[in-house]
Amino acid sequence: MAIPLSYNLRNLVVRKTTTVMTAAGIALTVAVLLAVLGLVSGLQSAFAATGDPLRVLVMRKGGNAELTSLVTQQQFQIIKNFPGIAKGQDGQPLASLEVVTIVNMPSADRPDGTNITLRGLLPTGIQMRKLRLVSGRWFRPGQREIVVGKHLPEIYAAAHVGKQLKFGKGEWTIVGVMDGGSTATDSEIYADGNQVSSDFNRPDTWSSALLQATDEVTADALKKSLENDRRLNVTVMSERAYYDLQTISSRPIKFLGFFICIIMAIGSCFASMNTMYAAVARRATEIGTLRILGFTRGSILLSFFLESLMLSLIGGILACLIVLPMNGVTSRMGNFITFSEVSFNVHIGLDIMAIGLLFALLMGAIGGLLPARQAAKKEILTALREV
Amino acid sequence: MFRYISLAFKNTLRNRRRSFLTVSSIAVSLCLLGVLIAIYHALFMNQQSPGQALRLVVRNRVSLAQPLPIAYEDKVRRVPGVQEVSVWNWFGGTYKDQSQKNFFARFGVEPKAFLKIRTQLEMPEEQRQAFIHDRTACVVSEDIAKKLGFRVGERITLVGDIYPVTLELKIAGIFKDPDAIQSLFFNYDYLRDLLPVGRRNYIGTIAVLADSPDSVPRIAKAIDDMFEDSSPQTKAESEQQFALSFVSFLGNIKVFLLSICAAVTFTILLVSGNTMAMSVRERIKEVGVLKTLGFTNEGILKIIIGEALCIALLGGIIGLILAALITTGATKAGAGAMVGVANLSLTPFTIILSLAVALLIGFISSFVPAWNAARTNILDSLRYSG
Numbered sequence: 000m001a002i003p004l005s006y007n008l009r010n011l012v013v014r015k016t017t018t019v020m021t022a023a024g025i026a027l028t029v030a031v032l033l034a035v036l037g038l039v040s041g042l043q044s045a046f047a048a049t050g051d052p053l054r055v056l057v058m059r060k061g062g063n064a065e066l067t068s069l070v071t072q073q074q075f076q077i078i079k080n081f082p083g084i085a086k087g088q089d090g091q092p093l094a095s096l097e098v099v100t101i102v103n104m105p106s107a108d109r110p111d112g113t114n115i116t117l118r119g120l121l122p123t124g125i126q127m128r129k130l131r132l133v134s135g136r137w138f139r140p141g142q143r144e145i146v147v148g149k150h151l152p153e154i155y156a157a158a159h160v161g162k163q164l165k166f167g168k169g170e171w172t173i174v175g176v177m178d179g180g181s182t183a184t185d186s187e188i189y190a191d192g193n194q195v196s197s198d199f200n201r202p203d204t205w206s207s208a209l210l211q212a213t214d215e216v217t218a219d220a221l222k223k224s225l226e227n228d229r230r231l232n233v234t235v236m237s238e239r240a241y242y243d244l245q246t247i248s249s250r251p252i253k254f255l256g257f258f259i260c261i262i263m264a265i266g267s268c269f270a271s272m273n274t275m276y277a278a279v280a281r282r283a284t285e286i287g288t289l290r291i292l293g294f295t296r297g298s299i300l301l302s303f304f305l306e307s308l309m310l311s312l313i314g315g316i317l318a319c320l321i322v323l324p325m326n327g328v329t330s331r332m333g334n335f336i337t338f339s340e341v342s343f344n345v346h347i348g349l350d351i352m353a354i355g356l357l358f359a360l361l362m363g364a365i366g367g368l369l370p371a372r373q374a375a376k377k378e379i380l381t382a383l384r385e386v
Numbered sequence: 000m001f002r003y004i005s006l007a008f009k010n011t012l013r014n015r016r017r018s019f020l021t022v023s024s025i026a027v028s029l030c031l032l033g034v035l036i037a038i039y040h041a042l043f044m045n046q047q048s049p050g051q052a053l054r055l056v057v058r059n060r061v062s063l064a065q066p067l068p069i070a071y072e073d074k075v076r077r078v079p080g081v082q083e084v085s086v087w088n089w090f091g092g093t094y095k096d097q098s099q100k101n102f103f104a105r106f107g108v109e110p111k112a113f114l115k116i117r118t119q120l121e122m123p124e125e126q127r128q129a130f131i132h133d134r135t136a137c138v139v140s141e142d143i144a145k146k147l148g149f150r151v152g153e154r155i156t157l158v159g160d161i162y163p164v165t166l167e168l169k170i171a172g173i174f175k176d177p178d179a180i181q182s183l184f185f186n187y188d189y190l191r192d193l194l195p196v197g198r199r200n201y202i203g204t205i206a207v208l209a210d211s212p213d214s215v216p217r218i219a220k221a222i223d224d225m226f227e228d229s230s231p232q233t234k235a236e237s238e239q240q241f242a243l244s245f246v247s248f249l250g251n252i253k254v255f256l257l258s259i260c261a262a263v264t265f266t267i268l269l270v271s272g273n274t275m276a277m278s279v280r281e282r283i284k285e286v287g288v289l290k291t292l293g294f295t296n297e298g299i300l301k302i303i304i305g306e307a308l309c310i311a312l313l314g315g316i317i318g319l320i321l322a323a324l325i326t327t328g329a330t331k332a333g334a335g336a337m338v339g340v341a342n343l344s345l346t347p348f349t350i351i352l353s354l355a356v357a358l359l360i361g362f363i364s365s366f367v368p369a370w371n372a373a374r375t376n377i378l379d380s381l382r383y384s385g
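Chains as they are written, first to last, in numbering that gives the first Met the number 0: chain Z, 0 to 386; chain P, 0 to 385.
If we strip away everything but chain P, and leave its shape as in the complex, we get:
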């Protein structure tokens, strides 16, 4: 096949406008395919980080909006394999106003346990101590600190909605944690003291740190079994499963993405198949000449398929460069949060898959026209006027 590669490449330059249009069309579609695969990959095939693999979330089985009795925390702590447990209480509330810009997650936690559970959290030691010792302290993730201009020592006010209280918090630290972005954590005890007595005994969820990734499923089952006959029952699951349940909330994204990917792939197939058929039809006479010169059927097949592969591969590479620009741009603009993805990037998997699709399309689209051209009898093809 490599014998003919220069010939195949030269052929693509013959009708430059057509090649340009086909390459552009394939590039645009493959760019889209690349972005979609990247989204799919980020949502459903994301590798757990080492910290995530160790963590579980326990919630009320009925729904996330229903609380758990605070007594459950100590019972969970006694399950074999559990290293650390912390209250993990969604606060909601409003910072400044209801705008999207000022929205980030706010959780009430137990600082000491929290810092132990977030194994990958990076924060200076003195900020850790300040968070543990100051009751009104809070810590914020680096990304929102940057976005909203938070500084250590600054005071911020959160007005509650689920909880009828106003929190006056002091930022004790700014942390970096790959699995905790766009969030603020404060001391749950501070919130608890402000609550009416009747609500003090209920918490949202419980975060659990397991001793090893292997024991996570066993611990989850042990916790659920323990509360099987109590009211309320619990649902314990790995942090990753918990996060995925939010994605499924957006509707059936999986089917949506896959069907669009299929539509895009099929469209490229149509486009490039069409172009190849057109360009082969134009040079049936030439094929006759090549055969007269002694080229075999096989050789002709290879030249034509090679040409299609050249075009598809070129389109694929340009498309992936565009896709890389889009994904990095989207990550910077924070648009990923719209679909529940923090970080969009083209992984080697995405790149290989997209290029494979491009090559496959090049092959399939050219095979039928090439086969027909190769089989045409010399006399017929020389006589053909197209």
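Excised from the complex, chain Z in its bound form:
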């Protein structure tokens, strides 16, 4: 017969100071894990949402970044007439030649400024990405006008509609704020492609071309036929593959974060073991009494083991409560492929919290097993005689 759980629960309540302290130790460990997972998952979802499997990105042969890629107007004329590219409402192919560079923007916490991706493109590119304006209007061709992603005004005082930014060959006016639906676009600046290319002295050599395929099978075929075309000499990848590549930037944080979590977890296991051993020692008489009442060694083992799990579960729940306010907070991370910063929302979802709770239970299990075994092994008479 099993010992009722309420026995363990009451015990935890009686030793409330010890319970709270041990649980808090576990909670902090789990909280660190949750924070790291939340950051990484937020970053990954920002990139994953940006990549549409139907869109393919054309770059210079061997290129792996739009920033260092070169695609000329001449190449683009060939590219856009390839079969398999979807047509827009006006009957023109959905193909967008884009010029990508970076500009520096100072913020309150970093007066030296951080790099922001500047993308020069034509209306087709905006149409393909199905972007929405949050406020203002789109830029007009031939004007030094820009539209900023919705994360930028939150971070940079200079990034509001009506303000001006200085780069290229003059002052650019911010005329709108766009919403890319939690994608990397939210941290970019868009402007008229012709104006950008002339400001940065590259009228013919733009950076990359984005194409919309009619369906996934065609997307693959389009990719192969473009890469095999000797006239072009280009590398083609699906937009999704391109952004997957960029999640590499979360690696240092991930690495450091997991390293810290594992070490902290070892420390917490020792701590919970300590607490459980103390619980077993103090309750020797109780254990003896339980045995006399007819509870088996097995049920005593189970009881103490469950008590340790309950203790760590409290810690796990506490950890979820600690990190929950972080959910949705905008964070920023640099990216060595685009050489600029991407903003994303920290994402602490149910899946991540479940991982946190499991992690807490694992610590409780490791910390509780040995003390529970000791409790179960006690002889009735010696147990009763212990003070």
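Simulated from the structure, these hints should not be mistaken for lab results.
Keep in mind that the hints are not guaranteed to be accurate.
To be verified - Below 20 Å or equal to it, Euclidean Cα-Cα: the simulated EDC-like pairs (lysine to aspartate or glutamate) are:
#, chain 1, residue 1, chain 2, residue 2
1, P, K100, P, D133
2, Z, K168, P, D224
3, P, K111, P, E72
4, Z, K165, P, E72
What the hints assert, rightly or not - Sample of chain P residues facing chain Z (criterion: CB under 7 Å; computed from the structure):
#, residue
5, V27
6, S28
7, S62
8, A262
9, T264
10, L268
11, N273
Unchecked claim - Computed from the model, here is a short list of chain P residues facing chain Z with C-beta under 10 Å:
#, residue
12, T11
13, L31
14, V61
15, G91
16, T93
17, K95
18, P163
19, E167
20, S229
21, S230
22, Q232
23, M277
Predicted model, so just to flag it, every value in this text is computed and none were measured.
Ideal Cβ positions, reconstructed from N, Cα and C, are used throughout, including at glycine.
With chain Z's structure known, arrange chain P on it following the hints.
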């Protein structure tokens, strides 16, 4: 306090399992704290080397990816206090393949000026001459030469990405320089000749050697002021500031590290506070006996706090030994590069700080239980059955 030290130490041996668990727990946490402080120290409190203190980097103010006109080089050279100037051009490109293993920094420089600017660079004289005189020569740092098995005289090929060219380079020398690791330098003129005419007039950054560390801020300001009304404007900063701007790129590492350090410290505080409270509670009766024997409240306070300090210090020392193993291991494995640190080591500063944290934790965690035990009335404590 020293009168009671043997008593305090004996007490730690009473419940050996508990002491062992507490020491292990503190050791593990302090090991982590030590590693984190070492990372923080290496990133943000690193002392400039004498060579670094003399060098500046000039870049396009808009961003590092935007070039500077080559004419700027001569204008910078004329700024008072500037001793030497060299083109410092990031090449990027690929050696063999895109793998992490074959990645290292590649820069185009002017060999003669480069050798003068790198004041701490060590390389045999004949290799220096070979680098200066052979147009297709390059020099590599000792660490990558070791890693990739480069030998002097070997030929290597770099395929460009930012620049649409392929460089066929001959390794003229292998150098040692504390501030230039994982890098290769080649003659910028060789690259320039291969470029389309339109791109020949643009360079990446300019490296500057100042005549003394004190004049570095003044020179930086003079350079930026000089190009204030030109297009593009420049940003001149010390080599160290320039390097730090890459660290900030990884996100707000500073806050990240500090908040984790705080969480770790707080966790140890909870753990050891908990243990001390448990062990004091167990011997309240004993405290009564000690008092009957004539020990003062103060004496009892000292014995209990002393015990906590013993445990914390032992945990701290073991933790730091572990941390030293981890940091040297990480440096050897090159894992430091993941977080932008080349050399991780436990400096005396880190060691003292970590031990101070350990002692402080021992003190704080034991003070409340010790205070309560010391204040308990003799009769009450003798009657206590816990």
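Margin query: Hint E167 of chain P vs chain Z: min CB-CB distance below 10 Å?
Written below: At about 17 Å, which exceeds the 10 Å cut-off, the nearest Cβ of chain Z leaves the hint on E167 of chain P violated.
Item checked: Hint validity - L268 of chain P Cβ closer than 7 Å to any chain Z Cβ -> Given a least distance of 9 Å, the restraint on L268 of chain P is violated.
Margin query: Please check whether S28 of chain P passes as an interface residue: C-beta within 7 Å of a C-beta belonging to chain Z.
Written below: Hint on S28 of chain P: holds, closest Cβ of chain Z at ~5 Å, below 7 Å.
Margin query: A closest beta-carbon separation below 10 Å is what the hint needs, so does M277 of chain P meet it against chain Z?
Written below: holds, 5 Å
Next item on the list: Decide if the proposed pair is consistent with the structure: K165 of chain Z and E72 of chain P, CA atoms, cutoff 20 Å inclusive.
Entry: violated, 24 Å
Margin query: Restraint: V27 of chain P near chain Z, CB-CB cut 7 Å. Satisfied or not?
Written below: holds, 4 Å
Item checked: Hint check: 10 Å Cβ-Cβ cutoff, V61 of chain P to chain Z -> Holds. Min distance 5 Å.
Item checked: Status of the hint placing T264 of chain P at chain Z (closest C-beta pair under 7 Å) -> violated, 10 Å
Notebook entry, point to check: Holds or violated: K100 of chain P with D133 of chain P, Cα cutoff 20 Å?
Noted result: Given pair K100 of chain P, D133 of chain P is violated - Cα atoms ~28 Å apart, limit 20 Å.
Check: Is the hinted pair K111 of chain P and E72 of chain P satisfied, with a Cα-Cα distance of at most 20 Å?
Finding: Holds - the C-alpha atoms of E72 of chain P and K111 of chain P are around 15 Å apart, at most 20 Å.
Notebook entry, point to check: When the nearest CB of chain Z is found for S229 of chain P, is that gap smaller than 10 Å?
Noted result: violated, 12 Å
Item checked: Satisfaction of the S62 of chain P interface hint, Cβ to chain Z closer than 7 Å -> holds, 5 Å
Going through the hint list in order, the structure does not satisfy hints 1, 4, 9, 10, 12, 17, 19 and 20.
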